[in-house]
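Protein chains: 2
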Amino acid sequence: MNILKGTPRCDGFRMPAEFEPHKGCWMIWPERTDIWRCGAKLAQEVFVKVAESISQFEKVTMCVSHNQYFNARMKLPAQIRVLEMSSNDAWMRDVGPTFVVNDDGEVRAVRWKFNAWGGIYFPWDKDELIALKIADIENIDCYEAPIVLEGGSIDTDGEGTLITTEECLLNPNRNPGFTKQQIEQVLKDYLGVEKIIWLKRGVYNDETSGHVDNLCRFVKPAEVVLTWTFDKNDPQYQISRENYEILLKETDAKGRKFKIHMIHQPSPIHLTEEDVSTIDFAEKTLRKPPGYRLPASYVNFYFANGALIVPIYNDPKDEEALAKFREIFPERKIVGVYAKEILLGGGAIHCITLQQPLGVKRC
Amino acid sequence: MNILKGTPRCDGFRMPAEFEPHKGCWMIWPERTDIWRCGAKLAQEVFVKVAESISQFEKVTMCVSHNQYFNARMKLPAQIRVLEMSSNDAWMRDVGPTFVVNDDGEVRAVRWKFNAWGGIYFPWDKDELIALKIADIENIDCYEAPIVLEGGSIDTDGEGTLITTEECLLNPNRNPGFTKQQIEQVLKDYLGVEKIIWLKRGVYNDETSGHVDNLCRFVKPAEVVLTWTFDKNDPQYQISRENYEILLKETDAKGRKFKIHMIHQPSPIHLTEEDVSTIDFAEKTLRKPPGYRLPASYVNFYFANGALIVPIYNDPKDEEALAKFREIFPERKIVGVYAKEILLGGGAIHCITLQQPLGVKRC
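Chains as they are written, first to last, in this note's numbering: chain A, 233 to 595; chain D, 233 to 595.
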């Protein structure tokens, strides 16, 4: 693996859309007992289900610490590759590399700076190396981008357009020395995009400072899904409304208007006393109190080859969301996985997964 | 990766000779400061040289702890893959899997039990998992053999013959409950060999209990190299002589007599005060005293694709050994690497490397 100077844009590389073909999917085994309740054992069960579901459609690699290697190996089916890798937590989307591709079918990696979502979880020394280690394992060369960024804070159509939120990318807890224009330039240089669409705020109470992957996602070029609620008393209402207005007026890099699918959020889910009582105390770990409203969203799904893996919450809205996805993706198998346990840790299925694109030669 | 019941022999698999084609080579970064002097920094330099040399001929993967990952990545050339893997020390030959192949070009792994060369270094919990982790990374299925065995204690011609030493394989510190016949049967079942040739003792003062890879190696079918000395006052003389007599009388699995090349050992090398003064003390780590005679050998070489990587010692005998290898292998590039630093830790180039065979379809 070479660490490359220059930028993907200059070298003819671009970030593909997640709905383009994958070589496989990367995940991290959850272990932190100060983040995941019951010694992380319930989260591990759900991660197994997510990994199993994805592995029906593409190769999955689960990264795990030495201490949990044997346990993870025994609990995961044989078709899943289990790989030792140290981490500070289990959010592969945010700590893994962003893969970029060129028209010759080559794949490279971009390693962002990482500071644990603005420094809210400590430490992050192991997470910082994961992007590099993955590039190394895969024998692919790696660019090092000059800004703090997590994979969950950006989404692309693979055709020159990127969506993100101001709440996250312009947050002083990420890149205080950078102007909006400078950040735009870095995104263009390192992801090979032409146009950035700035949504305002992410999902209400999302501790990531409003990652776009919990709010709004490309489902096809010029077509997005947006977390929605019709409840005007819900703080999410104004957030979704405001972003909807932006999308309505915007065009993508190719000048197309957006088709916007509203995906109604599940009923609000709040942390209970039982949810938090078995979480370890740690001095520098953000501890959410009972009663805390969690940022539950159906938009936090993962595109697997030929499928969509969707978080569900045992909520009356589950079926509505799944039906909508079946309508949007008649060609994909829609697979719901009960994901409340991931939500308790702060995210959903997209947050814990990372696609590695298949290099595809374009004539 | 599946953990397989049954045996390689039943499934049509055999251990290929090291001189057959490789997919690549596995190594482990040395780190233990109670084994390697000067914080292992001198050993790391030599491991870099060995890895660099091999990487001219085949792909090399260096396994390294999280703590040393970035350092190893920076010190190794880009063409070498660096991979996080926990270990208790750096002897990949002995802790990695034994790969077996079949005639359809499939490759599988055998995981032996491991007890740190009869329990002389403590602990060995991390080393025990390395064979499994490597099979997992490579997506190859793995057998679990029922005996303690290190890769350095066996050598095969790939045509049904295995050589080993009684000093090691029949040592009560390895498999006290097994008879010689039972061990023979396990070797036949798990390595797909037909005939085991039992040499007596390994190189004088070899703390591995006389690993065969430091003493005698197949260079071609029915052709071996044997560590030698003409000095009758050297305790090695009787050892080599005795083994020579055995080889002279033996035939291989196909009934062929052996051509035996004597490779004169380097002049005896003894530990100095300086060699040991910067080694950390650890309660359960064997500490060799100044004056200790080290088991230096030229036979501890590594076959890379198209090359032979040979340990040399800045000794007058170096050139004689290299010339002999050039004569035996006119088709291979003979590369000497100064390896005294590895010897200080207890072995040489073969001990720290492990070939992964290329699956080759045989019509």
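You may find that some hints are simply not true.
Copies of one chain are not kept apart here, so a pair can be met inside one copy or by any two copies together.
Unchecked claim - Below, in silico cross-link-like pairs of lysine-lysine (BS3-like), each with a Cα-Cα straight-line distance of 30 Å or less:
1. Lys281 x Lys237
2. Lys307 x Lys281
3. Lys345 x Lys307
4. Lys307 x Lys237
5. Lys273 x Lys237
6. Lys572 x Lys486
No lab work stands behind these hints, which were simulated from the structure alone.
We went through each hint and held it up to the structure:
1. Lys281 x Lys237: This pair counts as between: shortest inter-copy Cα distance 26 Å, intra-copy 39 Å.
2. Lys307 x Lys281: Answer is within; shortest intra-copy Cα gap is 10 Å, inter-copy 39 Å.
3. Lys345 x Lys307: For Lys345 and Lys307, the Cα distance is within 30 Å only across copies (22 Å; inside one copy 32 Å).
4. Lys307 x Lys237: Classified as between; 18 Å across copies, 41 Å inside a copy.
5. Lys273 x Lys237: Classified as between; 29 Å across copies, 42 Å inside a copy.
6. Lys572 x Lys486: So Lys572 and Lys486 fail the 30 Å test inside a copy (38 Å) and across (64 Å) alike.
Of the numbered hints stated above, the single one contradicted by the structure is hint 6.
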